[in-house]
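*Asks:* Letter by letter, the chains look like this.
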Amino acid sequence: MEETTKRELVLHVNGERRSIVARQAETLLFVLRDGLGLTGAKPGCLNGDCGACTVLVDGTPIKSCMMLAIETVGKEITTIEGLDDAPIQHAFVRHFSFQCGYCTPGFIMNAHALIERHPNADEAAIQEWLESNICRCTSYQEIEAAVKEVLEAKKAAPTDP
Amino acid sequence: MVPFDFAYYRPQSIAEATALFTALERDGKRPLYYGGGTEIITLSRLNLVRTAAVIDIKAIPECRTLDVGNDSLVLGAALSLTELEEANLFPLLTKAAREVADRTARNQITLGGNICGQIFYRETALPLFVAEADVIIAGPYGIRQCRFNDWFHQQLQLGRGEFVVQFKVDRAATALPHFHRKRRKQGEVGYPLVTIAALKKDGTVRVALSGVCPFPFRSAEVEAHVNDRSRPVGERIQAAVDAFPRPILHDIEGSADYRLFVAAQLLEDMLRELGDGETV
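Those protein sequence lines, which keep their order, are chains A and B.
Using our numbering, you'd call the opening residue of the first sequence number 64 and step up by one each time.
Using our numbering, you'd call the opening residue of the second sequence number 86 and step up by one each time.
Check each hint, because a few of them may be wrong.
Unchecked claim - Examples of chain B residues toward chain A, derived with CB under 8 Å: (1) Gly-122; (2) Thr-123; (3) Thr-189.
Said to hold, decoys possible - Mimicking SDA-like on lysine to any residue, the simulated pairs with C-alpha atoms at most 25 Å apart in a straight line are: (4) A:Lys-69 to B:Asp-112; (5) B:Lys-286 to B:Leu-359; (6) B:Lys-143 to A:Ile-83; (7) A:Lys-69 to B:Pro-96; (8) B:Lys-270 to A:Asp-112; (9) B:Lys-143 to A:Glu-134; (10) B:Lys-270 to A:Gln-190; (11) A:Lys-69 to B:Gln-97; (12) B:Lys-143 to A:Gly-122; (13) B:Lys-114 to A:Leu-72; (14) A:Lys-69 to B:Thr-107; (15) B:Lys-143 to A:Asp-112.
Note that these hints are calculated values from the structure, not bench results.
Positions of the beta carbon are idealized from the N, C-alpha and C atoms, including for glycine.
Starting from the given sequences, assemble the full structure and let the hints guide the process.
*Replies:* This is the structure in structure tokens:
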């Protein structure tokens, strides 16, 4: 049988092909941060509770502390570094949707996926999605306002990217 | 962060998976089948799980099946809870799935993982109990289909090297009147004080609970009391609660007395909503 050792992984991150040698047991979060220098996804609880490490895998929000890097071979990973002037980033600034900012990348990735996947998301869907992330500075109302603003703008201009 | 090394395997077929398990077991690797991985990774970090090999079943086509046949609904064990929610082919299961963990976590948590994992609430088992689903299990000695209720005693009775491939649910059962509630100590995300799922078929209520005991259950004795229309509803509920299996959970989420109080209230709500509570 194959030995329990490191393996070369080719990951597709933010539109680039990145090659890395990593432990097969390593989580996506630590490969992104320590292996690829992408420190936007934050280690928080490391237990799947806080959402600070949220990234997108094939467009789906995933808590990267709970997924193995090796599972993402062949998939497209998007981190906060890969968002390029996404509307939700500007809305977070306009609404002061953060204080310390530690949870912000996770919230933005989750909110970005919600907006892309469910542009007609209702109040209940917004709440359900945002419950996946924790902000200890309690910017929840401002975060919700930012998400709603982007959803409204998208409805008003449906051809916008 | 996993504080030890393991090898990761991603078989493409059931036969490949079970053969891998046998070989890895023989080599002393103590392999684990791997679905969403959330529990294996988080419990590994706490040194509550240890293995030298994981076998990811998500590339096995049968484990990813979501098929609506004439008579039955087939649900692959490696479907994520959000995939089940979005398909919404079994509304009671949708409701149970939506209350597990949080939305992002449910993108990873699988149906099979929620039912076969160590964390004992296993709330997606409740709809399968009351719908009297079948379970398809693969192992070193082949594939077998059996009644979920017959093989679930506190947890699914899987032999060494076995894993759940699919669940099969009678389509008629998916359309029956149903009831689902989850009550937590606080908030909208987290483990239950009590979760209850029920179906009504031919005038009889089938009910299953999680959060009351350190295992989910459906009990013939409890259901006999719930359906005993010769007695007032209050007495039926009290008798049902008295017949719950033991022990009753008594922990930081809630005391045993409080859990039983909440369970009795939910049984009353259930009877009322299912049109059986006229004398409540």
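*Asks:* Next step is simple, just say for each hint if it's right about the structure.
*Replies:* Now for the hints, and whether the structure bears them out:
1. Gly-122: holds (6 Å)
2. Thr-123: holds (5 Å)
3. Thr-189: Cβ of B:Thr-189 sits 4 Å from chain A, so the hint holds.
4. A:Lys-69 to B:Asp-112: Since the Cα atoms of A:Lys-69 and B:Asp-112 sit roughly 19 Å apart, the hinted pair holds (cutoff 25 Å).
5. B:Lys-286 to B:Leu-359: holds (10 Å)
6. B:Lys-143 to A:Ile-83: With Cα atoms ~23 Å apart, B:Lys-143 and A:Ile-83 stay inside 25 Å; holds.
7. A:Lys-69 to B:Pro-96: holds (19 Å)
8. B:Lys-270 to A:Asp-112: At roughly 17 Å apart (the allowed maximum being 25 Å), A:Asp-112 and B:Lys-270 satisfy the hint.
9. B:Lys-143 to A:Glu-134: holds (10 Å)
10. B:Lys-270 to A:Gln-190: Within the cut-off at roughly 19 Å; holds.
11. A:Lys-69 to B:Gln-97: The hint holds at about 22 Å.
12. B:Lys-143 to A:Gly-122: holds (18 Å)
13. B:Lys-114 to A:Leu-72: Distance ~23 Å between B:Lys-114 and A:Leu-72 Cα, so the pair holds.
14. A:Lys-69 to B:Thr-107: holds (23 Å)
15. B:Lys-143 to A:Asp-112: Status holds; Cα separation ~23 Å.
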